[in-house]
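**Student:** Chains as they are written, first to last, in my numbering: chain A, 1 to 235; chain B, 1 to 292.
Quick caveat, the hints were computed from the structure, so don't treat them as lab data. Worth double-checking, as some hints may not be accurate.
Said to hold, decoys possible - Below 27 Å or equal to it, Euclidean Cα-Cα: the simulated DSS-like pairs (lysine-lysine) are:
#: 1; chain 1: A; residue 1: Lys126; chain 2: B; residue 2: Lys161
#: 2; chain 1: B; residue 1: Lys81; chain 2: A; residue 2: Lys74
#: 3; chain 1: B; residue 1: Lys161; chain 2: A; residue 2: Lys112
#: 4; chain 1: B; residue 1: Lys163; chain 2: A; residue 2: Lys126
#: 5; chain 1: B; residue 1: Lys163; chain 2: A; residue 2: Lys74
#: 6; chain 1: A; residue 1: Lys117; chain 2: B; residue 2: Lys161
#: 7; chain 1: B; residue 1: Lys163; chain 2: A; residue 2: Lys112
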Amino acid sequence: MALLSVRDLHVSYGAIKAVRGISFDINEGEIVTLIGANGAGKSTTLNTVAGLIKPESGTVEFDGASVVGVPAHKVVQRGMALCPEGRRVFTQMSVAENLEMGGYTRSDAENKETLEKVYSHFPRLKERRTQVAGTLSGGEQQMLAMGRALMSRPRLLMLDEPSMGLAPILVQEIFEIVKQLNEAGTTILLVEQNANMALSIADRAYVLEIGTIKKTGTGAELLVDDDVRKAYLGG
Amino acid sequence: MDIFLSQVLNGLQLGSIYALVALGYTMVYGIILLLNFAHGDIIMVGAYVSWLVMAQLGLNPIIAILLSVVACTLVGVLIDKVAYAPLRNAPRLSILITAIGVSYFLENGAQLVFGADPKVVPAFTDVSTIKLGDIALSFPAVVTVLVTVVATIALTLLVQKSKLGKAMRAVSEDMGAARLMGINVNSTISFTFAVGSALAGIGAVLYAMAYTQASPTMGMMLGTKAFVAAVLGGIGSIPGAVVGGLIVGFAEMIVTWLGLSVWKDAVVFLLLIIVLIVKPTGIFGKTMSEKV
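Let the hints inform the model, and build the full structure from the sequences given.
**Tutor:** See the structure below:
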């Protein structure tokens, strides 16, 4: 049984239909990526799964239980965490406080343990733990946003555009960490505009276009797919 | 020297009350960007509860203090639940107008229930002065200043160190991200209203101690001046509210001392105008970067 199973999901913002009947599955232990252009409905899908937006229709099941209509703050307790687009760290709070917020639903004892793990993945966050998050560089903020999401000990970690606005070398580093996290047992749902990077680490991928799924396959297959190459990989 | 000292103490006393009320304004603004114009009227609720408990029921002042604070807290949370929570996603102007409506509702409601004439709140204690060496200081003034210092320290610790306080800061910065952390945004906002209103309740008791009166519209001018204090200090900032409150209190004290007491309200609002022209973000205010 899939860990996350989305069936015929429709999401609208007023009159605008952002997601028009998409279905996909994520199995435990996989890295699955949704790629597509701006406005294809990738972020909307993630935000809906995370409970920030209510879908018009369709089902979202996590670990066999429906999460449609479950408020975002309760979805976290079920074992899903979303690291949102644009990082959205709490800029006026310290690095350590940001991480503490990430573990809001967990006990102090659990957080102490998770914090060590997060710091081992992101040693730079440990160095800067007393620093106010707003003074971090973009790459560090991305690491903080990911570390913060990990603090809730998610079984499924959803990453929305983690490479956005980062220098290529940092993108490499971030993707390297995503792979490590996956190897350590976290299932990953990755939304990216950087299709090349995303496909190269993904087990499976879905290509979104104007709110529908156009294509699906393994990361390796789509990397060499002609249509995908033309549309998203620059020929 | 004696007169000077007691004037300073008067300024501190008045300023402390403004500061306590300003804290409620600033906390609610900090979390949902609402100027809660009904906040001043919560003071009025507290003053009437004190009057009811002591003058009507003849109970102990301690009970009056506790019930006043509890009543203010409940009223504050109830106002949020009934009037503001349904408008959480509405344009900010709608909720602002609602706040003005709630203010009128409370004032006219009190007038309907208690009548327009002011009620005399009995003295909370027989002690009127305490001696510090040769100097006699007003007891209510000393208590007011001490209570305000303790309340401000407690609030600062709450906001900076406690889990709920950190959640409040997270919600005030980014509600969506706070939700993703597992923070229940609605209950965090309720908690903020509760804390702000409890401080107003304390302010109500201290005000009733100093001015021994409860009237339906007493919260209007007091609330407006506390609002000036909050803006002066930089709305959204806790130290700003305290400093702003003290500045307003001292300004009134000085004007009164100079024998120009009819001018004291004008001077407070003149201060507001000057701040809005010279430094619109207030003393401790940060320039808000627009959230995207």
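**Student:** For which of the previously enumerated hints does the structure constitute a violation, in increasing order of number?
**Tutor:** none
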